[in-house]
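Participant: Take a look at the letters that make up each chain.
2 protein chains.
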Amino acid sequence: MKACGVVVEYNPFHNGHHLHVTQSRKVTDCDVIIAVMSGNFLQRGEPALCPKQERAEMALRSGVDIVFELPYHFAVQHASIFAEGAVKLLDGAGCDSICFGSENGKIEPFTHQLKLETEHQEDLQHTIREQTKLGKSYPAAAAESYRLLFSHSSDLDLSKPNNMLGYQYITAVDRFSNMIPYTIQRTASDYHDESLHKSFISSATSIRKKIFEDGLQEIVHHVPESSYAVMEDFTKDGQFLNWNHFWPYLQHMLTTSSPLALRAYYEVEEGIEYRLIDAAMTSTCFESFMQQVKTKRYTWTRIQRMLTHLITKTTKEDIQQNTHPTYLRMLGMTAKGREYLNKYKKDFPLPIISNLNQQHKDLCAIDIRASKAYAMGFSDSAKRKEMLAKDFTAPPVIIQ
Amino acid sequence: MKACGVVVEYNPFHNGHHLHVTQSRKVTDCDVIIAVMSGNFLQRGEPALCPKQERAEMALRSGVDIVFELPYHFAVQHASIFAEGAVKLLDGAGCDSICFGSENGKIEPFTHQLKLETEHQEDLQHTIREQTKLGKSYPAAAAESYRLLFSHSSDLDLSKPNNMLGYQYITAVDRFSNMIPYTIQRTASDYHDESLHKSFISSATSIRKKIFEDGLQEIVHHVPESSYAVMEDFTKDGQFLNWNHFWPYLQHMLTTSSPLALRAYYEVEEGIEYRLIDAAMTSTCFESFMQQVKTKRYTWTRIQRMLTHLITKTTKEDIQQNTHPTYLRMLGMTAKGREYLNKYKKDFPLPIISNLNQQHKDLCAIDIRASKAYAMGFSDSAKRKEMLAKDFTAPPVIIQ
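So the protein sequences, as listed, match chains Y and E.
First residue of the first sequence? That's 215 in the numbering used here, and the numbers climb one at a time after it.
First residue of the second sequence? That's 215 in the numbering used here, and the numbers climb one at a time after it.
In case anyone wonders, no lab produced these hints; they're calculated from the structure.
One or more hints might be untrue.
Said to hold, decoys possible - Far from chain E, by Cβ distances over 10 Å, these chain Y residues were calculated: (1) N318; (2) T341; (3) I342; (4) S365; (5) K374; (6) N376; (7) M378; (8) Q453; (9) P462; (10) V482; (11) S497; (12) I525.
To be verified - Straight-line alpha carbon distances no greater than 25 Å define the calculated SDA-like cross-link-like pairs of lysine to any residue that follow: (13) E/K597 x Y/R489; (14) Y/K530 x E/A478; (15) Y/K302 x Y/Y558; (16) Y/K599 x E/R477; (17) Y/K320 x Y/G277.
Built from N, CA and C at the ideal position, the CB exists for glycine as well.
Model the full assembly from the supplied sequences, consistent with the hints where possible.
Facilitator: Here it is as structure tokens:
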């Protein structure tokens, strides 16, 4: 059986994702699609709209065969670590190929760029350092350096976030895996486009915005029917979450902790702890807090990731001790996915965890704590109690 | 000018307190009444109904001349440390006398008991140890030991909380001060009585209960008019607080912290951190959490104090480094109070802090942090912002 890997967040699963899954199956001619998906907190340092279990179910009802959770310490990271963790997991799960979305759907510009970069590694590092010295954030410095060095000889526009992320996958595959890389063209509007698209393929960002502003029913045409049903069911006793639901916890933590205590947490560096405390003292909402904290040097997402580490209590030590994937946490599978796993899992280099139990407490400590922090976002205390235990009580989602 | 000291919490100020102030002035024949009052968190490990500034104003409008804040590290403590801190502050503020409420209003049983205890110190310590070994909490073991050793020769019923607290004052005065102790009879119903008393002198406990259950207007006859006005004004943009408002913060902290991290906080001892975490995972409200945590060994108030230290992030180190009063934080005064201070403050052994500023940041660090934690109880974010800064922005309450 052939397996194709996809790296996803599904926040939430929408028509564009459905197209990506369908096309990935087609272009790679695979038997199963394996998704590595962020858990309850996402790459951009945000709480997921709804829990990982619901997001896995949406995926499994729309063409994905197995969903593994990308552990927190890879998921809430800048793109290169995110990509490295995801690629290693897909490789560990026996994927023959990986397929990601990009602006023009051709793989050659990525492989060509990789070749160029390998040949000019030193130049690139030097230029990024120079650009950083000008006060740019790392992502901005990197993008500018790629433009300066390679734009005349490369067809890959790395100023597009999707291309940059795809390029990280290509780089990680080159270093850590023998998977064959494929890319398909993104037909959705730009990732950050906030207005719903007329073609019913809209960005997850615009879908979330619409849900919070106008309610779930407004996005009914923009997600598969089965995804809509999962979300509708979730709202019976749950609520969609965003940073606003975690703002009081963040504010409590920042206003009662010493700068020294805050420095223990991952990514809290260079004195930003003082800015965080000052802003927490005078802000009345998450948005105004962020406006006060952000600087030219720190991207919005970098700050959000830092704040996610605060509310999940993820320390520098936690991350230093967890630089390699050590397990495959399975969130769910289809009958076909089960067939694949039964056939191949004995050859996997990592153990598969289907039902979390007390034995896994240390191994999965960071993910478990992140789920608990996520649970605190729910205003209903019975829902909080359910969600606090969910990592241990929820069996994998099985779709026949 | 003669000053009489009183040790109070005024949560809220009520008719019984008014009577206590009036009678204290009368029996001691003093010119000013100086109150040492708990700040935003109280001796029994609870958030105050309303902020210390409002509670100081209620006192100043009803006969008290000066209100000093009992620092957090004395206020949220068992009775003997609470009494020691309060007595030292009153002594430091030049009080000639101290006057407290007791069950029968006579001072002799207290002084007689003190004499007995001094003579039988070793017996007492031995008996308390034996009683503790039987599994009793410290307060229960102490009460039983006093009963066993002294009930035949003493008229002081130390099973009554008010007598026990008064006895702590007497003991502290004996050790740390030359103030003359007075006591007046409590005419209010028992401290823990939860039903409002017909005579309009009701316990603060019953008044708080009534406020939360039926609204402020229901207690209008049980507090002085001026106290009612202060509280009514406060509710225009504030809300009365109790533990329920801090439960989400406590739950977040307990579910995302390691047992080791929790052990850093004051009074978290003997493995109770595991009980706290387990109970936080499965409780849906503060009351059910407490029911799950409490054991024979730990009194309700001891657990509440421990939880207060958690939400205020008060560590063992914080308390070890602050065993003596080092300042007199003035929350407010009347014209008479000002006259007294102007005359005598140069002789006080401790500096008076009227307006907190950045210079006092380290000196008052624990109190400031406690105020910030208290601020987080308000659900309105603009009120939170106001309260987060209030220690620095609110001038002392001045009543002409």
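Participant: Does each hint fit the structure? Answer for all of them.
Facilitator: The hints, checked one at a time:
1. N318: About 43 Å separates Y/N318 from the closest Cβ of chain E, which puts it past 10 Å; holds.
2. T341: Holds, since 41 Å exceeds 10 Å.
3. I342: At about 35 Å from chain E, Y/I342 clears the 10 Å cut-off, so the statement holds.
4. S365: Y/S365 clear of chain E: closest Cβ-Cβ about 45 Å, beyond 10 Å.
5. K374: 36 Å, holds
6. N376: Correct as stated: the minimum Cβ-Cβ distance to chain E is 33 Å, above 10 Å.
7. M378: The assertion about Y/M378 holds, with a minimum of 32 Å to chain E.
8. Q453: 14 Å, holds
9. P462: 7 Å, violated
10. V482: 16 Å, holds
11. S497: At about 7 Å from chain E, Y/S497 fails to clear the 10 Å cut-off, so the statement is violated.
12. I525: 8 Å, violated
13. E/K597 x Y/R489: Roughly 21 Å separates the two Cα atoms, so the pair holds.
14. Y/K530 x E/A478: 19 Å, holds
15. Y/K302 x Y/Y558: 16 Å, holds
16. Y/K599 x E/R477: With a Cα-Cα distance of about 24 Å, the restraint between Y/K599 and E/R477 holds, given a limit of 25 Å.
17. Y/K320 x Y/G277: Judged against 25 Å, a Cα distance of about 23 Å means the pair holds.
Checked against the numbered hints given earlier, this structure breaks hints 9, 11, 12; the rest are met.
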